[in-house]
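S.K.: Sequence:
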Amino acid sequence: MADLTLSPFGATLIFVIACLAGFQYRRVWKAEGPKYQYWVFGIIAAAGLIILGFVPMETAG
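Numbering (our numbering), first residue to last: 231 to 291.
Hints are supplied without guarantee of correctness; some may be wrong.
As the list claims (entries may be wrong) - The following label-pair restraints were derived from C-beta to C-beta distances:
id, residue 1, residue 2, range
1, 272, 235, 24 to 30 Å
2, 263, 288, 28 to 34 Å
3, 262, 290, 43 to 49 Å
4, 256, 286, 25 to 31 Å
5, 289, 262, 42 to 48 Å
6, 264, 290, 43 to 49 Å
Just so you know, these hints were derived from the structure itself, not from any lab. Built from N, CA and C at the ideal position, the CB exists for glycine as well.
Based on the sequences and whatever the hints tell you, model everything.
M.R.: Structure representation (C-alpha coordinates):
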(Lines of atoms letter the chains of each structure in order from A; the text may use other names.)
(Lines give C-alpha, C1' and ligand atoms only; values in the text may rest on other atoms or scores of the structure.)
Protein backbone atom coordinates (compact mmCIF):
# COMPACT_ATOMS: atom_id res chain seq x y z
CA MET A 231 0.00 0.00 0.00
CA ALA A 232 3.00 2.29 0.45
CA ASP A 233 3.57 2.27 -3.33
CA LEU A 234 0.15 3.70 -4.13
CA THR A 235 0.83 6.71 -6.35
CA LEU A 236 -0.69 8.17 -9.49
CA SER A 237 1.30 8.79 -12.63
CA PRO A 238 0.84 12.22 -14.20
CA PHE A 239 -0.99 10.62 -17.13
CA GLY A 240 -3.27 8.65 -14.80
CA ALA A 241 -4.05 11.74 -12.74
CA THR A 242 -4.85 13.71 -15.89
CA LEU A 243 -7.12 10.93 -17.11
CA ILE A 244 -8.99 10.79 -13.79
CA PHE A 245 -9.34 14.58 -13.81
CA VAL A 246 -10.80 14.61 -17.33
CA ILE A 247 -13.25 11.81 -16.48
CA ALA A 248 -14.33 13.63 -13.30
CA CYS A 249 -14.85 16.88 -15.23
CA LEU A 250 -16.89 15.18 -17.94
CA ALA A 251 -19.00 13.38 -15.33
CA GLY A 252 -19.59 16.67 -13.51
CA PHE A 253 -20.61 18.35 -16.74
CA GLN A 254 -23.02 15.51 -17.53
CA TYR A 255 -24.40 15.69 -13.96
CA ARG A 256 -25.15 19.38 -14.49
CA ARG A 257 -26.87 18.70 -17.84
CA VAL A 258 -29.09 16.02 -16.28
CA TRP A 259 -29.86 18.30 -13.34
CA LYS A 260 -30.87 21.25 -15.56
CA ALA A 261 -33.01 19.00 -17.77
CA GLU A 262 -34.60 17.44 -14.65
CA GLY A 263 -33.65 14.02 -15.93
CA PRO A 264 -33.91 10.65 -14.19
CA LYS A 265 -32.75 10.58 -10.57
CA TYR A 266 -30.52 7.54 -11.06
CA GLN A 267 -28.37 9.55 -13.48
CA TYR A 268 -27.76 12.14 -10.75
CA TRP A 269 -26.28 9.38 -8.63
CA VAL A 270 -24.25 7.75 -11.39
CA PHE A 271 -22.57 10.90 -12.64
CA GLY A 272 -22.29 12.45 -9.18
CA ILE A 273 -20.55 9.40 -7.72
CA ILE A 274 -18.15 9.18 -10.67
CA ALA A 275 -17.25 12.86 -10.36
CA ALA A 276 -16.92 12.75 -6.58
CA ALA A 277 -14.84 9.56 -6.59
CA GLY A 278 -12.47 10.99 -9.19
CA LEU A 279 -11.93 14.18 -7.22
CA ILE A 280 -11.50 12.32 -3.93
CA ILE A 281 -8.89 10.06 -5.53
CA LEU A 282 -7.04 13.09 -6.88
CA GLY A 283 -7.20 14.78 -3.50
CA PHE A 284 -5.93 11.91 -1.38
CA VAL A 285 -3.64 9.75 -3.56
CA PRO A 286 -0.20 11.28 -4.11
CA MET A 287 1.36 11.67 -7.54
CA GLU A 288 4.65 10.02 -8.29
CA THR A 289 7.62 12.32 -8.57
CA ALA A 290 10.67 12.08 -10.74
CA GLY A 291 13.79 11.27 -8.81
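S.K.: Could you tell me which of the numbered hints above are not met by this structure, giving the numbers in increasing order?
M.R.: Failing hint: just 2.
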